[in-house]
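The listed protein sequences correspond, in order, to chains C and D.
So in this note's numbering, spot 128 of the first sequence is number 128, and the numbers just go up one at a time.
So in this note's numbering, spot 331 of the second sequence is number 331, and the numbers just go up one at a time.
FYI, nobody ran anything at the bench for these hints, they're computed from the structure.
The beta-carbon is built from N, C-alpha and C at its ideal position, and this holds for glycine as well.
Among the clues, some could well be false.
[To be verified] Here are the computed distance ranges between Cβ atoms for each label pair: (1) 50/D / 163/C: 57 to 67 angstroms; (2) 162/C / 124/D: 50 to 60 angstroms; (3) 23/D / 237/C: 32 to 42 angstroms.
[Said to hold, decoys possible] So these bits of chain C aren't anywhere near chain D, every CB distance computed over 10 angstroms: (4) 224; (5) 238; (6) 279.
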Amino acid sequence: MAGFRRLCLVLLLGVSASAECRIVVEDDIGETIELAHPAQRVISLAPHLTEVVYSLGAGSQMIATVAWSDFPEEAKSLPVIGSNNKINYEALLSYQPDLVLVWLSGNGEGIISRLKALGLNVYVNKPRHLEDIPRTLEKLGNLLGYQEAATEVSEAFRQTMTELDQKYGQQRPVEVYYQIWQSPLMTFGGSHLVSDVITLCGGRNVFADTAGLVPRLGVESVLAADPEAIIVGQYTELDNAFQYWRQWPELRAVKAGHLYSVDPYLLHRHTPRIVMGARQLCEAIAQARIE
Amino acid sequence: MHRLPPKTFLIVSLALLVVALALGLLSGPVAIAPTRLLGLLSSGQDMDSRILQSIRLPRVLLAALAGACLASCGAVMQGLFRNPLADPSLIGVSSGASVGASFVIFFGGAGFLGGTFELTAIAVGAFVGGLLATAIVYRLASSVTGTSVSTMLLAGIAITALAGAATSLFSFFADNEMLRRISLWQMGNLDGASWNRVAIIAAVVLPMMVLLPREGRALNAILLGESEARHLGIAVESLKRRLILITALGVGVAVAVSGVVAFVGLIVPHLVRLMIGPDHRYLIPGSALLGAVLLLLADTGARTLMAPSELPTGVVTALLGAPFFVALLLQQRRKVLD
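Chain D on its own, in the form it takes in the complex (with noise of 0.2 angstroms):
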């Protein structure tokens, strides 16, 4: 398969994102003519508009930025530990928010919270969670030596499994109401979109998005091996821990608002590599934007396909993403032996 330049793929990329956008705000059970999009959006209290402007925009914004924020963190754990099976459920990211998360609903009690607050408090329980389980993995692959790859890997998977039974044992004490609260957000489901949602992951994401591209240049160096990048003047373990915290911080609000969405942290960096190289200046926003557009499309389809009930929006991405993916790779081998 031909390189792309990255250019281009980034241009070509947010030009989907525009129609993946659109197509979102324009799908669903009430139809709404295209050419009325903008007018509704902008102004008017009918039901139409109201539907856009309380359900649909809300919703396709928390699409784009989780799978934005999911993807982008993606690539730059791939790139941190050089390894493609990198992914922040792989090194206990993802469970370590869903454990954090779990714990505060389940402390929380179910009439104690409520609203917006209690969503900002499982968000913070989910960072915390995240960043814990981040922490602990980072400590245990970290020796004198360096950080081992493969140690970390395997501790990850460790605290997965840790977590794992965690979050079980606090569905086994759950009441009922609490149980249903935490079994619905570990679902994945982002039809709990709503603007404080919106707010609080672009809160996270925007910022997100200035600072991962900016270390594209340290990560292409760690590419070549740590003690490389640190002869070419990096500062290896620093940009390790700021990495780490930002990507933390990114699966713990993306899990927080819009629950467990595997697959696209995993997959998205992968396709973009193979469709413009392994540069991560370009890699990290273009793997955001293509992040942006699956989940998007998932969930555009999760709402649609077998309509009016809704699928879960983790099923579509998988089915959507891994056909895709496997056609990639096969692409690849055929080029290599021609």
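Excised from the complex, chain C in its bound form (with noise of 0.2 angstroms):
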């Protein structure tokens, strides 16, 4: 439970006691954030943090959220005061807002800064590693008032990626190239939490050496670094990207038929839900295993 306290301050006067209890919760860039109550009129600026929310059963608190926020079904019905990189300010401000709940890579410094300037309760999440769920869970949980919940989904998190280290993470290295877009060619770079997904199952990321988070590839490289299993994870053409590898029947991959899919929408989001797309993986890299 690092990163965040309550501070109970009892105050005695005479006869009559107040208690005075502040939430002090540290962000993912290490920037304090105190509450004197659990944030009511919460706006989330990414769809993975509404998502997380929800996740809480704090769905209630949510006030306004950006584009794309589209799970759950409830979520689709909030307000959207922007997208990602575009803040309509004083929609924002108008919603009179307690918490604002930012996405660093996504939102950006500068939204950041802006909103801090505003005078608003900033929680700057930057997830990189698989653990970073359950810990922004926790910290959004103390947040919100939902510390029960956020232990019990955090927990329970946690169950399910041990349980899928013990069954596939011991098991031999299988290279996996993950494509997220077709033209041009994109991959998921080591600093990435997809490329943990791979670890966990047992796969190993040929392009996590490859600097930047989401790096473009020349189709030579990916030929040049012959994987044994490629996974698409694209919102769409699927059939395109198959196709396209199998052009080149050289590839190991190609070569045993280790071209699978998984859904990008479980997998891409750094939400709960992260769990049954890790699933989805690590049963194609099993299968990858195979021969």
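From the two separate chains plus the hints, produce the assembled complex.
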């Protein structure tokens, strides 16, 4: 439970006792957020943060969000005050939020400093590893007054991770190329969360050492890496991707037929649902391990 | 700096082009021995020969053709407007082409178009857009007394701004899939190289390489001034119309197959002029050759510098060309001071 604590100052004043409890949470960039009460009017500036709040059962405390906040179904009816990089600050202020949830790599520092200059309580989220997801759950649980739910959901999450790790993590490593975009070719670098999931499943991301969170690749780089499995997590053009790689029967993955797809809506969002995506990915990698 | 004899320069540039082509073909994440190059190019069904034939060869050819096209169009524009800042992007051709292509992507829809047909449609859109932009700019700058260069440049800036706004508006209303296509295309990438694209650009650039140098003498006369050129027997207005049409076509197609690669059209003609002087008979082919070399080297750099990731080609053209250009300018100033 590192990163946050609850300060209770009990002041004894004559016969009456008043207790003041403040919520103190440190966010992912080391800034401290102090709230007198659990946040009641929350705006999330990232789809995954919206989803995390709902997963705690605190959806009723959400008052607005940004485009693409499409899970769960109820989130779609929230007012939208912009997109990940364009926020309508007037609309945001008009909702009088007592907490704004920001995603560092999606929203950027400019938005964060602007929100802080407006005197708002800002929680900055920067998930890079799988353990950051339960940590985010716990921090948000504390800020919104849903500690119990947070403990429950994050424990379940950690348990599934342990289970997957025990089942797949110790197996023979499989070299994986994970494709998120067809033209130009794009993959996740080693510092991306999905690369973590690949490792958890006993895979090795062949582009883990490439600079950048989402490197753009040349076709030849994939041919040179010669992965054992090609796993495609694309929102569109899945068939094209498979067809494209089948042109290169020399690739180990193509020769052995290890072309798989996973649901990017599950795997690419830093929410508890990632365990479902992780299961798909682990199963695909396990398939590739058989031969 | 000593000027080179133009013919020597052309021969050296041609040799450089051959070297740059070979370098482009030999560089990449998959190592291919130089001795095997010719054998792999001519035959073979193994992976190395297919890498060469279907990945590297179309890409180096596309880079060379696009570079030649942009640089020679730049040389023609600078001559025609007698202005060193004239550049296809400055008088609105590139941004017009960009709007045309976005228009086709936007109204063509994501699933409706596909393959070669889509590419051709985008190329046509880019050409029409580029031509329209040029026509508007040209109209605005023309009067009974002739064409005013400064009005033309100002009109170009206005059209560029308008076209930029239109492109942004398309992006604003585009759905996810279209937005992806528009922005990818705007990044100016050569990584979509294919034989189709090479065929499209070759069909335009090769005739252009024959037609443009023929106008060299007339462009030289224009350097003296339009009325002087007229007195020398040049049909100035029809020359202008012809050259503007050719450059709009050339830039439109280059933009359509390789996106907006800035810088090549502006800098290369200057480089060549500094080295061999302003005679358009040599300046145009010289710019074409050097433009091809520059874009080829830049693209090879883009593919290999950060391997396995790829950099945008336009970034490398600027990184490579700008310091070289500044060095040439400094050297020239020193010569003047001496």
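For each hint, the structure was consulted:
The given range of 57 to 67 angstroms is broken by residue 50/D and residue 163/C, whose C-beta atoms sit roughly 43 angstroms from each other. Under the hint 50 to 60 angstroms, the C-beta atoms of residue 162/C and residue 124/D, about 58 angstroms apart, fit the expected range. For the hinted restraint 32 to 42 angstroms between residue 23/D and residue 237/C, the CB-CB distance of approximately 33 angstroms keeps it satisfied. At roughly 4 angstroms, the least C-beta separation between residue 224/C and chain D is not larger than 10 angstroms, which violates its mark as non-interface.
The non-interface label for residue 238/C is consistent with chain D: the shortest C-beta to C-beta separation is roughly 14 angstroms, beyond 10 angstroms. Every CB of chain D is more than 10 angstroms from the CB of residue 279/C (nearest about 26 angstroms), matching its label as outside the interface.
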